[in-house]
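2 protein chains.
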Amino acid sequence: MQKPTLYTCLSPSLLRLYDVTGSIVVIIDVLRATSTIATAFSNGAKSIIPVETVAECIRLGKQMDAITAGERDGQIAEGLSYGNTPFQYTPEFIKDKTLVLTTTNGTRLLHMALADGAKSIITGSFPNLSAVCNYLLSQKQNVVLACAAWKDKINIEDTLFAGAVISRIKDSFSINCDSSQIASSLYNEAKPDLFEFMKNKNASHYHRLMGFGCEKDIRYCLSEDGAPVLPIYREGQLVNL
Amino acid sequence: MQKPTLYTCLSPSLLRLYDVTGSIVVIIDVLRATSTIATAFSNGAKSIIPVETVAECIRLGKQMDAITAGERDGQIAEGLSYGNTPFQYTPEFIKDKTLVLTTTNGTRLLHMALADGAKSIITGSFPNLSAVCNYLLSQKQNVVLACAAWKDKINIEDTLFAGAVISRIKDSFSINCDSSQIASSLYNEAKPDLFEFMKNKNASHYHRLMGFGCEKDIRYCLSEDGAPVLPIYREGQLVNL
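These protein sequence lines are chains A and B, in that order. Residue numbering for the first sequence is 2 to 242, as defined by this note's numbering. Residue numbering for the second sequence is 2 to 242, as defined by this note's numbering.
Just so you know, the hints here were simulated from the structure itself, not pulled from any lab data. Check the hints yourself; a few may be wrong.
Any copy will do: because identical chains look the same in the list, a pair fits if it lies in one copy or spans two.
Lysine-lysine pairs mimicking PhoX-like chemistry, simulated, CA-CA at most 25 angstroms apart [as the list claims (entries may be wrong)]: (1) Lys-4 / Lys-200; (2) Lys-96 / Lys-152; (3) Lys-98 / Lys-47; (4) Lys-192 / Lys-47; (5) Lys-171 / Lys-141; (6) Lys-171 / Lys-120; (7) Lys-152 / Lys-200.
Isolated chain A, as found in the complex (with noise of 0.2 angstroms):
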């Protein structure tokens, strides 16, 4: 039987020229959007609901008597009273609420994928991992691995995650695709100690967030599995599967 294929996408720019209406979309936003998402719904969550921008996060928020969080540039949005931070999110805090979010990259990249057609859609970071995983794995169709970028600059740390799902599951797709090579040979480098990797490479978004003096986000983010759950996109929210 023909493997399916997974493909890598290193900036949102790039989408177009991936296929992906046949394909899972795994939306990439390591610090700290799909992070933060995970975290969110590991601690008891209801839904997620991603929008594009400020003003419809608060619109949407009052409407459903829901949580209004994002950022904009790394930091808390003005209008909005939470931000990106996964320590934010609380079982105290999520349990049972519905979160309206909007970040820089990761929300935009997902309406991205939707447009285009993606036949399904989920959420991957570091704390969350091994669940991407288990799931592709199960699945058995194509994959694109959607990197969310710093405004359409590649990073460091969302192919880092790339390579780690790549390195995890690639004896079963067909991968020929010179992104996914260079996301795998990057994670092989990195996985020994990823918070050292970033800082020894000056990685810009470390940089900008350890100026925010967001080094606990920073290590959460690169640590594994510890927010073991799945976020598929369903009706215009993402839910845990």
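Got chain A; can you put chain B on it based on the hints?
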């Protein structure tokens, strides 16, 4: 004194993210446009006119009584006499001649950089690696390493060349660019044997060109300093600086 900046752009689709107006842009199309360009100059070509379309190539070739060459999808383009293999451009064939050249990725990227207002444009490939590095070190200006990729998909070989340049000149530049770090890491892994690396990773363009029987081309295009010249774009054509 502040060091000039260096950025790496891994696909033409991302070029708009980088400010090329104050920068030297290095056009990188390792397999095979920029390797062929360096080789043709090294063997005495007078000038090379990069054009975007096959029709323009034919028209201009007639008008100037020049050699016309080009490829589409890795093979000689229909209507043109010569392709994109560096071994075509021997001194007997190319000395003192003008070459009008069109290729799938490299010549298109050069025109994009021109349209974006690049301060100056040179072409880079392993056969002229040292010449490129020495020039960039001597100019002390901002640099954008621009990979031609394959129909906008990031490829291993152009990324490797960017990494090779960075590994040689990084101490003289300020590099706050994840793509440059990724290229650098990839090159460090690959440098013991670039050909074996391309083979082991089943690089997509390695695979494509091997299918056309071009192993000799690939080996040459991955070898350093076989054509130690510096092609620079001036008034509509590339000349040997």
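Those earlier numbered hints the structure runs against, lowest number first
2, 4
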